[in-house]
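Going down the list, the protein sequences come from chains D and V.
With the first letter of the first sequence counted as 1, position 107 gets the number 106 in numbering that gives the first Met the number 0; the numbers rise by one all the way through.
With the first letter of the second sequence counted as 1, position 51 gets the number 50 in numbering that gives the first Met the number 0; the numbers rise by one all the way through.
Pairwise CB distance ranges, derived in the manner of DEER restraints:
1. D/N274 <-> V/T280: 33 to 39 Å
2. D/R143 <-> V/R285: 48 to 54 Å
3. D/Y102 <-> V/D131: 57 to 63 Å
4. V/P130 <-> D/R275: 52 to 58 Å
5. D/R143 <-> V/E227: 49 to 55 Å
6. D/A60 <-> V/E227: 34 to 40 Å
Which bits of chain D does chain V cover? Going by a derived footprint, with three or more residues having C-beta under 8 Å, they are:
7. 18-27
8. 245-259
9. 306-316
Rather than coming from a laboratory, the hints here were simulated on the basis of the structure.
Each residue gets a CB set at the ideal place from its N, CA and C atoms; glycine is no exception.
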Amino acid sequence: MNALSEALAKKRVLVCVGSGGVGKTTISATLALRSAVDGRSSLVCTIDPAKRLANSLGLHALGNVEAEVPPSALEPLGVKPRGRLHAMMLDMKQTWDDLILKYAPPDKREKILSNRFYQSLSSALAGSQEYIAMEKLWELRTKRNYELIVLDTPPTAHALDFLEAPNRVLDFLDNEAAKWLLTPALAAGKIGLSLFSLGSSYVAKTISKFTGTETLQELAGFMMAIAPMNESFRERARGVRELLEAESTGFVLVTSPGRERLDEVTHFHRLLKQNRMEVVAVVVNRVHPMPAQALWEEAKGLIPARRAKVEETLRELTVLAEQDARGIAEIQAACDGTPLIQVPRFELDVHDIGALWRTARYLIGDEALPSPAALPAAEARR
Amino acid sequence: MVGLLDKRLWIVSGKGGVGKSTIAAALALRSARAGRRTLVCEINTQERVSRLLGHQPVGPQVTKLEDNLWAVDVRPQEAMREYALMVLRFETLYKTVFENKVVRYFLRFIPSLQELVLLGKILFHAQEKRPDGQPLWDSIVMDAPATGHAITFLRVPQVLLQTLPPGPMTREAMKMRDILEDPATTAAVLVSLPEEMPVNETLELHAALRDQVRVRTHAAVLNAAFPERFTEDDLEALVDHPELLRVARAHHDRAAQTVLAEVKLERNLHVPVYQVPRIFTPGFGREAIEQVMGHLEPLVTGKAGT
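Please build the complete structure, drawing on both the sequences and the hints.
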């Protein structure tokens, strides 16, 4: 039993974070799968439209509503799941619209939904994806009875984006700054009236050079329409923050062993700690294992041309394994105190249910790669 | 065949983790070696390109790395300041107004303003001129964000033109859109791996660039490609050596997957696909970039080779 298997047994929420292309979606699905087989009702929320992954789980496609993975999809594993497994893919626009329909006053809904600022906010504003992922997590956690929710987060170009995004979007919705700037229009109660024929302020005049007058007017209209929702958004944001800091929530930091990922891992790790969020484990995915010494001996018995091919391949695998070992040692040093779990690079892409299951064995410690400390001995033997 | 040297703005993008920054670094180095004044732009990142080339991180100011090669890490706050100063022209006014905490909050209301100033700074460099009127930069290599963010990022001129009423920002957005849509100036290089999901995502990115941004895909780079090595005869002969067979079959399968990936990309993108094989250097630094650069020669020059 390792840190991750303990988390799978006890946590209510696991959030998988990391940069793009390291296998977060696969790891998220694997964690939920393993938890369900072990008897906890589980849900995995993914971000990427991993259609092949959906098919592997016996679903035609993933949408913004949870879909149950049929038990028949798990038959190839030879196990009978003792808990139910659900999966869904977050649809950012739909989730935003659902929020508006649910919480906006009826007379303001259409005005908000058709406002150009809202349309940009819900579909194109960078950071709103991260925000809505947190919103959805909070809703699922408070309104459903899953024993475990695994959230796959959007890949972030910058580690700060992930935790700052909710604040950024809330700033967008915060009325205080807009009120300060737009008070003349608000007081007049007429948005159509030019902001600047009311003895507009020096600051508003300056900003209008930057953004244009009509932009300010339309923004004022949007702010007035959405104002009744601000407290509701703020309350939800507080709920999200509390959820992320809760003892029953854990973060799984997913990375690959390349040294180019080291800064990102370090950054994420420090950031999560600073925000009092528990990092359950760092998962290093797609690690190249060191080829066994016995393979070199066996290759000597081949005909020369074939032996040359095999030895070239073994040399390549050795170089890759050594690179990865150095990367892992650095990650270990950078994330001192947090358990580090390695998942090997499989022969082909991890898609089907069998590959997810093999991944799960490494994640929970049923199988393990030799730790970097074993490397010097292996090198000595070569 | 037209090479990248015939374009001035090279946008490198792809799924996260496929080696975009590596390809961007190699292309920038090759451009500099061709004697072109080359600027690499990273976007609010942990700065990989300058490191890959064996240099110290450069920060938000344009900094010279070596002959003909400069780099800049475009960051939101600095880009906002430069943009505001261009529009307002008076530094005192900028400090009084834009460094006000409340105003800073306010500016975050403007949809995609951050993306506008980031992209705006890069395209500002694309418009810089020397005293004789020639472009200051012969090549600008943009290490664009990964797929989803890349579309949001590159689409920002379109979003603003649809979102905002006419004004200073839309005039700026129009100029930016015109540069991005000009096939004589701008070329996108999409980076992928010979694996199913990266290939599919490359196709989706291509469609989004074409339909939403109207940026032309110039070529695809298939990174970490596996050359063919083991024949079917080899595999048969290794049947009595199960562990060696597993190693050989794994390589064989990935080589086959490389062929499939290349065919799929070529059929759907209708642009050249260039392979960059896996690099086996002790570390992944300057030496690796030089090797990658060698494999990208046909992409850069447009001359048939390899």
